[in-house]
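Two chains, two separate frames, one set of hints: put the complex together.
Chain order of the listed sequences is U and E.
Just so we're aligned, residue 1054 is where the first sequence starts under my numbering, counting upward by one.
Just so we're aligned, residue 10 is where the second sequence starts under my numbering, counting upward by one.
By construction, these hints were calculated from the structure, which means they are not laboratory data.
Bear in mind the structure is a predicted one, so any value in this text is a computation, not a measurement.
Glycine included, C-beta positions come from ideal geometry on N, C-alpha and C.
One thing to keep in mind: the hints can contain errors.
Sample of chain E residues lacking proximity to chain U, with all beta carbon distances greater than 10 Å (derived) [unchecked claim]:
1) Glu-26
2) Pro-83
3) Gly-143
4) Gly-208
5) Ser-252
6) Ser-301
Straight-line Cα separation of at most 27 Å, DSS-like style, residue types lysine-lysine; simulated pairs [as the list claims (entries may be wrong)]:
7) U:Lys-1085 - U:Lys-1119
8) E:Lys-313 - U:Lys-1119
9) E:Lys-40 - U:Lys-1085
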Amino acid sequence: MGNTVYQVIELIGSSSDSWELAAQNAVREAAKTYQDLRVAEVVEMDVLIENGSIIAYRTKLRLSFKSS
Amino acid sequence: MKIRGRRPPFATRDPREREERLYRVVHGTIKPIYRALIPTNVADHHRIPASGGVIVASNHVSFFDSVVLMNSLPRRLFFIGKAEYMDSWTTRKLFPAMGLIPINREQARKAVASLEVAAGVLHRGDMLGIYPEGTRTRDGLLHRGHSGVAQLALMTGAPILPVGLVGTGRIQPVGTRVPRPFRPATVRFGEPIDPTSYGGPGRRRRQQITNDLMEAIRRLSGQQVSDDFASDEPPLIRGGNESVYQVHHVGAVAASWRQAAQFTVTDMCTSFDDARVGRIERLSCQIEHDGSIRFTSQLAVSVKFQSVGSAIHVPAQRRQPES
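This is chain E alone, in the form it adopts within the complex (with noise of 0.2 Å):
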């Protein structure tokens, strides 16, 4: 005999439709919190566009900027986070409810099998947010953007919405726990970067997006640039605790030293997205027989090491110094 009793509150088969439902119902109660307690200004929001897969590509000061952002777009924004966030029951049902998609720390070090979630998000149509920086950043300086959201538009044809976020840093520092409220923020919304009307090689075209993508940003944020990767951890293991690097032993011939090692390590960034650490291991010279003088620099340069399956393998040609 079946008791017939009460349907539960966002009962439905459909996992996505419940999700949807405790979406709007978490939204619709954090929404009216949120605007009584953050004053936020809203600018040029009329550049979001209203329909589509959209990249949402924004510097990141603090824990606060997901927020913020999630409150200041009229369409429901996702991201992507680790699953360890998910830990106990609270967040594991709320946090999906507000947007964020759960991966493994396995799945973490995949990029591509970050990328093929991503993607996921974008071809059905949803806003998908993404720190180009990478991480927090700890000194207030716009860090250099990683490339994989200009692979994430090129992928999938997505446009990037670049976003400048201003006073969250003062509303939630790094390394608090509980915002403070009444403190202004202002986010500015920039014209979308269209992936599909830049033309050359794949590389050249990653590199150019996101040179475009990080200085739209820096112009909406008003932030100083920093030449360097933001990180948790200190220069020579960025990447994580238990990151692996390759070292390359690479060089170049040149009118200076310095012109040598500058010749190298443009090569090298330009092959790599993580060619970070370089260090001169030998410098010589040759006289040739009309008296010039040729400069050899060779430099041992640490690379985040990509395994198989990996978009970035090492090219075939690569300048090496004579010996």
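So here's chain U without its partners, still in its complex pose (with noise of 0.2 Å):
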């Protein structure tokens, strides 16, 4: 395996559906700008909670991509 520098940046999805939407969301939004995404390692998952009721799932990703 040649020598590659993989860049690492940290993104907050959130979704009013599921943790597994909201990390998609910022897959999604990430892979518009960087190619050749590999891995996207969950750091932090939490909601909001408002009068009693959860109002949006929120997954932390850690992504890494190759750099350019």
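Okay, structure coming up:
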């Protein structure tokens, strides 16, 4: 394997439905900008609560991609 | 064999002409009803430019704000709105006739696409209404303005007409479906802001125009000011439930941790329009050879993620704390 440099960014995706969709939103947006996305590590998940009910699921991802 | 019959009303081959005719009928019907039900005091209407593209920028208190604005201006006013508003037949026919330009949800996500639609309205010499706060205020305060209005003005050269609306919150408070008649509204127009009179780099001009606009609206509306953005959502997810934020780890060195944190926040807010949440990640200090101390504050700052095609990108130079 040759020498490769990967760049890492942290994104927080949110969704009103699930953590999975929140992660998908973050990856989808990142894929518009960065090519060759490989690994997304889940760093943190939480929910936002208003008036006793969950209004948003949030997933913080650490995404790595090949640095050009 | 051709069957000749009566042409239906508004029949014309040109859809714009058809919409314009429908607008005249709808507006001509609504205006007398509006006048009878909503006593409106319009101040300084001589400041309204008589022709050309104009951005009408107002504080946003109530759903009824747009109705008051449309009925207080001598020219047709257009708004950009979500296509979801036009789900029913009546709204699909009536809203465009009243000046609403639909953009679908996918387009709405792309700020650039919305700007192009807005610029088209101004280039053809029409008036475009925008609420720089982005959404209705929930606490009655005048919130921070987004810089999209300034960007649009700089793109098109169109002047911005600041407007202060008073009383609309009593006519239709947030959460109510039916407006309450016979409650007075006041519309105050400010001096138009000419975007071509501002100099310096683009980002600074956008910020200066936004500051001047919000100050003009504050004077006209008499509202107390909030340093925060208005939002339907709690602070951490502003921008919508499906928004994506990027976390930047940034820091600065200064004479105190507080000052270092302030430098970092100022730097981020200058670089990004949407820097929202800053969290202290690490505080450290270094003792120099001469015995003096330098303080380092490192923050995690969440910024609305801008994908390719957006106007804002991560600046190459960023102050990093020394390790």
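How the hints compare with the structure:
{"no.": "1", "hint": "Glu-26", "verdict": "holds (39 Å)"}
{"no.": "2", "hint": "Pro-83", "verdict": "holds (42 Å)"}
{"no.": "3", "hint": "Gly-143", "verdict": "holds (17 Å)"}
{"no.": "4", "hint": "Gly-208", "verdict": "holds (32 Å)"}
{"no.": "5", "hint": "Ser-252", "verdict": "violated (6 Å)"}
{"no.": "6", "hint": "Ser-301", "verdict": "holds (34 Å)"}
{"no.": "7", "hint": "U:Lys-1085 - U:Lys-1119", "verdict": "holds (15 Å)"}
{"no.": "8", "hint": "E:Lys-313 - U:Lys-1119", "verdict": "holds (22 Å)"}
{"no.": "9", "hint": "E:Lys-40 - U:Lys-1085", "verdict": "violated (46 Å)"}
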